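Protein chains: 2
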Amino acid sequence: MADMVNFDEQDFLRRADIVYTRRAELEAMADRAYEDGVTNVLVCSVGGSLATMEPFALMIDRMSDLPVRSVHAAELMAAGCNMVGPGTLVLMASKSGDTVETVAAARWLKERGARIFSSTGPDASPLAELSDYDFHFGDGRPLELPFYLFVGRLLADRGSFADYADFADNLASLGGALNAVRKQFDERAVAYAHAYHAEPYHIWVASGDLWPVCYSYAMCVLEESLWIRTKSVSSPDFFHGTLELLEPGVPLTLLVGEGATRDLDLRVARFAEQHTDKLTVIDAADFELPGIDDRWRALLGPAVMNAALQRISKNMEVVCKHSLDIRRYYRKEAY
Amino acid sequence: MADMVNFDEQDFLRRADIVYTRRAELEAMADRAYEDGVTNVLVCSVGGSLATMEPFALMIDRMSDLPVRSVHAAELMAAGCNMVGPGTLVLMASKSGDTVETVAAARWLKERGARIFSSTGPDASPLAELSDYDFHFGDGRPLELPFYLFVGRLLADRGSFADYADFADNLASLGGALNAVRKQFDERAVAYAHAYHAEPYHIWVASGDLWPVCYSYAMCVLEESLWIRTKSVSSPDFFHGTLELLEPGVPLTLLVGEGATRDLDLRVARFAEQHTDKLTVIDAADFELPGIDDRWRALLGPAVMNAALQRISKNMEVVCKHSLDIRRYYRKEAY
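Going line by line, the protein sequences match chains D and P. Following my numbering, the numbering of the first sequence begins with 4 at its first residue and continues without gaps. Following my numbering, the numbering of the second sequence begins with 4 at its first residue and continues without gaps.
Read the hints as simulated data drawn from the structure, not as lab findings. Here the structure is a predicted model, which means the values were calculated and not measured. Treat the hints loosely; a few may be bogus.
Identical copies carry no separate label here, and so any pair may be met within one copy or between two of them.
[To be verified] As a list, the in silico SDA-like pairs of lysine to any residue whose alpha-carbon atoms are at most 25 angstroms apart:
| no. | residue 1 | residue 2 |
| --- | --- | --- |
| 1 | K281 | R18 |
| 2 | K281 | A337 |
| 3 | K113 | L69 |
| 4 | K335 | V103 |
| 5 | K281 | D160 |
| 6 | K98 | R17 |
| 7 | K98 | G124 |
| 8 | K324 | D286 |
| 9 | K281 | W230 |
| 10 | K317 | V41 |
| 11 | K186 | Y332 |
| 12 | K186 | R65 |
| 13 | K335 | A171 |
| 14 | K113 | R65 |
| 15 | K281 | R232 |
| 16 | K98 | S73 |
| 17 | K317 | W111 |
| 18 | K281 | C223 |
| 19 | K335 | L282 |
| 20 | K281 | P203 |
| 21 | K335 | D169 |
| 22 | K281 | Y204 |
Construct the entire structure; sequences and hints are all you get.
Following this line, the structure appears as structure tokens:
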């Protein structure tokens, strides 16, 4: 435990505080969005940023009657989306604030009367400039935190989240709880990195609001940063094709959530343990989350799972001697 | 050309006619659905059947103002969907009509007042039994054809598809046009099967209404039937991770559509031809479609591409000496 690689506990607390101490600012933005009128919600960005927000589309769907959809920024501009118009609130995210497709989509959306909430890193950026409600998180983390506060408060304003204040109070402990997850999972993450870093192919599976976490981790970390081949597939769809590839020697990593689709994940676990000796089950229910009431655990699943997975990345980086920052093509070539 | 394996031209024509000759029946169902009232549309099933219908969700989105979403049957039952209620028209499909999750979802949907259009194979089945508008296609094909007619007529009834009658008239030629596609593509399919059947890993890419075709072909044919490892990724998301895995020797298969997102596909082609010697581009625009007006080509892209891809399957089956009907687990084990 003393030797966790690339882990600065105090820095994680500081970064969570960067966002949480601005809770009032995010809530005021949500109040303004509510007062400006919201008839439907679109979640729109690209790649990992889109995946970060997709759990909030599910949260809105489950807790309210607001129509909500998720669309890739590039597909939106090419093909449109018939729900967009005045009254549409768009959630957008970009760490740099200058992701080309996301900025272009923001412009497209503004032309059609939509309002934009964006979460971006820098003090100023093209995406923030185009947004009606723009939050700049600097090096604050986790990336989900601004959305828990903004979306939670918006749902509260609409009468769809009666206990929002208690939920948001709990978020004061999120930074510490995620550090606890990192510590609880690190030993398994070290073992995982040693066991599986040289595998030629990984199957990754999850469902519900952990599906975007799984999709994004496989694509944006294992593929993009570590050049490891993956197939990610949702727990229910696993049984409609990918299962036939499972046999002894094939690594399958399953993320199990505490939310509504938990049984779909457990079904994969039961099948996979019969058919591969390389099954890893990461169950959100196994983590202690100090300072977090049990009733908020499921909603925090994406942030919890990303904290655990980060320990795999950090250990993979060391075991593979492959920095997570090296790319073959990204920002090295024009395409 | 004389020696196309597993290709019975007359049988394909017969099977297309099975559906087309019942155009009036499908249109009458669409008229009834329209008269019963449709406030929004849900596309819901599992695996390949869901993928077959997803292009029609895009068609509805692009041509009308009807809210439309696609949800996996298992996730629907576990987690719900806030758009479902009286006025919801659900499109469902199951070749057997007894897919467990789809039938259970149909029951769940009926309890909430939704109306169901289903397309199933047998004369009678549990899914058909639960449906308000049930079409039984027997061994009719392609699977998209009932949806072109039902969805097209429904949009026409709503005033969103002025030229529907001409489109539907063109569908009389669909069976012949798809045979022409099979013939035009077979030589390339044979070469593809020989070149790539033993590759340890394939990247498959597409966008828009060819994305579900790509997703489903990779999962339900290459993985499920041929036990070939794949990563399928949408053309825009390819650039947000998977691109880093491309290098000489890695096969990438790109489906290029004629619709709104064509440029997103061509961007992948330009990148991939720089970075792998194993690039296959299947461009829907390259096929002659006898009897089909140019203006309907884009809308027919999913059926056209599936016809071409079928030639890969049929040739892979021969080259790999691996029947498409063999499974390790499906319908052999309970899970």
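Verification of the supplied hints:
{"no.": "1", "hint": "K281 / R18", "result": "neither (35 angstroms within a copy, 45 angstroms between copies)"}
{"no.": "2", "hint": "K281 / A337", "result": "between (39 angstroms within a copy, 21 angstroms between copies)"}
{"no.": "3", "hint": "K113 / L69", "result": "both (20 angstroms within a copy, 22 angstroms between copies)"}
{"no.": "4", "hint": "K335 / V103", "result": "within (15 angstroms within a copy, 48 angstroms between copies)"}
{"no.": "5", "hint": "K281 / D160", "result": "neither (47 angstroms within a copy, 54 angstroms between copies)"}
{"no.": "6", "hint": "K98 / R17", "result": "within (18 angstroms within a copy, 55 angstroms between copies)"}
{"no.": "7", "hint": "K98 / G124", "result": "within (5 angstroms within a copy, 49 angstroms between copies)"}
{"no.": "8", "hint": "K324 / D286", "result": "neither (28 angstroms within a copy, 40 angstroms between copies)"}
{"no.": "9", "hint": "K281 / W230", "result": "both (20 angstroms within a copy, 18 angstroms between copies)"}
{"no.": "10", "hint": "K317 / V41", "result": "neither (40 angstroms within a copy, 51 angstroms between copies)"}
{"no.": "11", "hint": "K186 / Y332", "result": "neither (34 angstroms within a copy, 38 angstroms between copies)"}
{"no.": "12", "hint": "K186 / R65", "result": "neither (31 angstroms within a copy, 48 angstroms between copies)"}
{"no.": "13", "hint": "K335 / A171", "result": "neither (41 angstroms within a copy, 49 angstroms between copies)"}
{"no.": "14", "hint": "K113 / R65", "result": "between (27 angstroms within a copy, 19 angstroms between copies)"}
{"no.": "15", "hint": "K281 / R232", "result": "both (16 angstroms within a copy, 17 angstroms between copies)"}
{"no.": "16", "hint": "K98 / S73", "result": "within (19 angstroms within a copy, 29 angstroms between copies)"}
{"no.": "17", "hint": "K317 / W111", "result": "neither (38 angstroms within a copy, 44 angstroms between copies)"}
{"no.": "18", "hint": "K281 / C223", "result": "both (22 angstroms within a copy, 23 angstroms between copies)"}
{"no.": "19", "hint": "K335 / L282", "result": "between (36 angstroms within a copy, 21 angstroms between copies)"}
{"no.": "20", "hint": "K281 / P203", "result": "both (13 angstroms within a copy, 19 angstroms between copies)"}
{"no.": "21", "hint": "K335 / D169", "result": "neither (46 angstroms within a copy, 49 angstroms between copies)"}
{"no.": "22", "hint": "K281 / Y204", "result": "both (12 angstroms within a copy, 19 angstroms between copies)"}
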